[in-house]
Amino acid sequence: GENVEQHPSTLSVQEGDSAVIKCTYSDSASNYFPWYKQELGKGPQLIIDIRSNVGEKKDQRIAVTLNKTAKHFSLHITETQPEDSAVYFCAASITGGSYIPTFGRGTSLIVHP
Amino acid sequence: DSGVTQTPKHLITATGQRVTLRCSPRSGDLSVYWYQQSLDQGLQFLIQYYNGEERAKGNILERFSAQQFPDLHSELNLSSLELGDSALYFCASSVAPSGILGGETQYFGPGTRLLVL
Chain A
6 GENVEQHPST LSVQEGDSAV IKCTYSDSAS NYFPWYKQEL GKGPQLIIDI
56 RSNVGEKKDQ RIAVTLNKTA KHFSLHITET QPEDSAVYFC AASITGGSYI
106 PTFGRGTSLI VHP
Chain B
13 DSGVTQTPKH LITATGQRVT LRCSPRSGDL SVYWYQQSLD QGLQFLIQYY
63 NGEERAKGNI LERFSAQQFP DLHSELNLSS LELGDSALYF CASSVAPSGI
113 LGGETQYFGP GTRLLVL
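These protein sequences, in sequence, are chains A and B. Residue numbers for the first sequence follow the numbering used here, beginning at 6 and rising by one. Residue numbers for the second sequence follow the numbering used here, beginning at 13 and rising by one.
Some hints could be false.
DSBU-like, lysine-lysine: derived pairs with alpha carbons at most 35 Å apart [claimed, not checked]: (1) A:Lys63 to A:Lys47; (2) A:Lys63 to B:Lys21; (3) A:Lys63 to B:Lys69; (4) A:Lys76 to A:Lys47; (5) B:Lys69 to A:Lys42; (6) A:Lys73 to B:Lys21; (7) A:Lys73 to A:Lys27; (8) A:Lys27 to A:Lys42; (9) B:Lys69 to A:Lys73; (10) B:Lys21 to A:Lys47; (11) A:Lys42 to A:Lys76; (12) A:Lys27 to A:Lys63; (13) A:Lys63 to A:Lys42; (14) B:Lys21 to A:Lys42; (15) A:Lys73 to A:Lys63; (16) A:Lys47 to A:Lys73; (17) A:Lys27 to B:Lys21; (18) A:Lys76 to A:Lys63; (19) A:Lys27 to B:Lys69; (20) A:Lys47 to A:Lys62; (21) A:Lys42 to A:Lys62; (22) A:Lys76 to A:Lys27; (23) B:Lys69 to A:Lys47; (24) A:Lys62 to A:Lys76; (25) A:Lys73 to A:Lys62; (26) B:Lys21 to B:Lys69; (27) A:Lys27 to A:Lys47; (28) B:Lys69 to A:Lys76; (29) A:Lys42 to A:Lys73; (30) A:Lys62 to A:Lys27.
Hints in this document: simulated from the structure, not taken from any laboratory.
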């Protein structure tokens, strides 16, 4: 089955810096890659996703890049703010069939004011 | 707010007991997924229902069961509870299991925190 590795497990940055979280996946058939943000005491919330026919996607300060050949994808957050502090999860799945995503272990992002 | 609701928010019970967690999906979503989140295991997929029928099973224990009702809400039943079952339980919903662009995007509820003493 699919295996998703996520790094780093903890990331500490100063407000205004950029943050990058990286994930690798094992199944070359995976073609849908969502990112979730989980704030303390809340459920994971989708913040951005990318499909395998696209190499990069941006939404304001957030961007995701995908390298299908290397089987890795990354989340980039620019101009970080204290409210970006949360746990971020990447996931990989195959559209078609049941679509059950495999999640990474999460990255705890801490943005210091 | 994702539109997915879960009750109760917190649950404290004793070993050996049985509890039921409830989930209402977003309006229009046909598929419901249950996940368990513990500190050392991350987000673990338990089971999926689509329009009332079981669609996929993950690492769900035999002591656990679920169902999706005609109004599309779902319940997760946990029985013979053990200390190790203490965790956050999330429900997520999506429009469809697959085949529709964007239909597979999952929206998570706020979770139920279960503590087994």
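Hint check:
1. A:Lys63 to A:Lys47: With Cα atoms ~24 Å apart, Lys63 (chain A) and Lys47 (chain A) stay inside 35 Å; holds.
2. A:Lys63 to B:Lys21: Distance ~34 Å between Lys63 (chain A) and Lys21 (chain B) Cα, so the pair holds.
3. A:Lys63 to B:Lys69: OK: Lys63 (chain A) and Lys69 (chain B) at ~34 Å, within 35 Å.
4. A:Lys76 to A:Lys47: holds, 30 Å
5. B:Lys69 to A:Lys42: holds, 25 Å
6. A:Lys73 to B:Lys21: violated, 39 Å
7. A:Lys73 to A:Lys27: holds, 13 Å
8. A:Lys27 to A:Lys42: OK: Lys27 (chain A) and Lys42 (chain A) at ~14 Å, within 35 Å.
9. B:Lys69 to A:Lys73: Holds, because 28 Å separates the two Cα atoms, which is no more than 35 Å.
10. B:Lys21 to A:Lys47: Distance of about 10 Å is within 35 Å: holds.
11. A:Lys42 to A:Lys76: holds, 22 Å
12. A:Lys27 to A:Lys63: Holds, at about 16 Å.
13. A:Lys63 to A:Lys42: holds, 16 Å
14. B:Lys21 to A:Lys42: holds, 19 Å
15. A:Lys73 to A:Lys63: holds, 18 Å
16. A:Lys47 to A:Lys73: Given that 35 Å is the threshold and the Cα spacing comes to 32 Å, the pair holds.
17. A:Lys27 to B:Lys21: Holds, because 32 Å separates the two Cα atoms, which is no more than 35 Å.
18. A:Lys76 to A:Lys63: Status holds; Cα separation ~19 Å.
19. A:Lys27 to B:Lys69: holds, 28 Å
20. A:Lys47 to A:Lys62: holds, 26 Å
21. A:Lys42 to A:Lys62: It holds: about 17 Å lies between the C-alpha atoms, which stays within 35 Å.
22. A:Lys76 to A:Lys27: The given pair, whose Cα atoms are some 11 Å apart, holds under the 35 Å limit.
23. B:Lys69 to A:Lys47: The hint holds at about 24 Å.
24. A:Lys62 to A:Lys76: holds, 16 Å
25. A:Lys73 to A:Lys62: The given pair, whose Cα atoms are some 14 Å apart, holds under the 35 Å limit.
26. B:Lys21 to B:Lys69: holds, 24 Å
27. A:Lys27 to A:Lys47: holds, 23 Å
28. B:Lys69 to A:Lys76: Roughly 26 Å between the alpha carbons, so the hint for Lys69 (chain B) and Lys76 (chain A) holds.
29. A:Lys42 to A:Lys73: Roughly 23 Å separates the two Cα atoms, so the pair holds.
30. A:Lys62 to A:Lys27: holds, 15 Å
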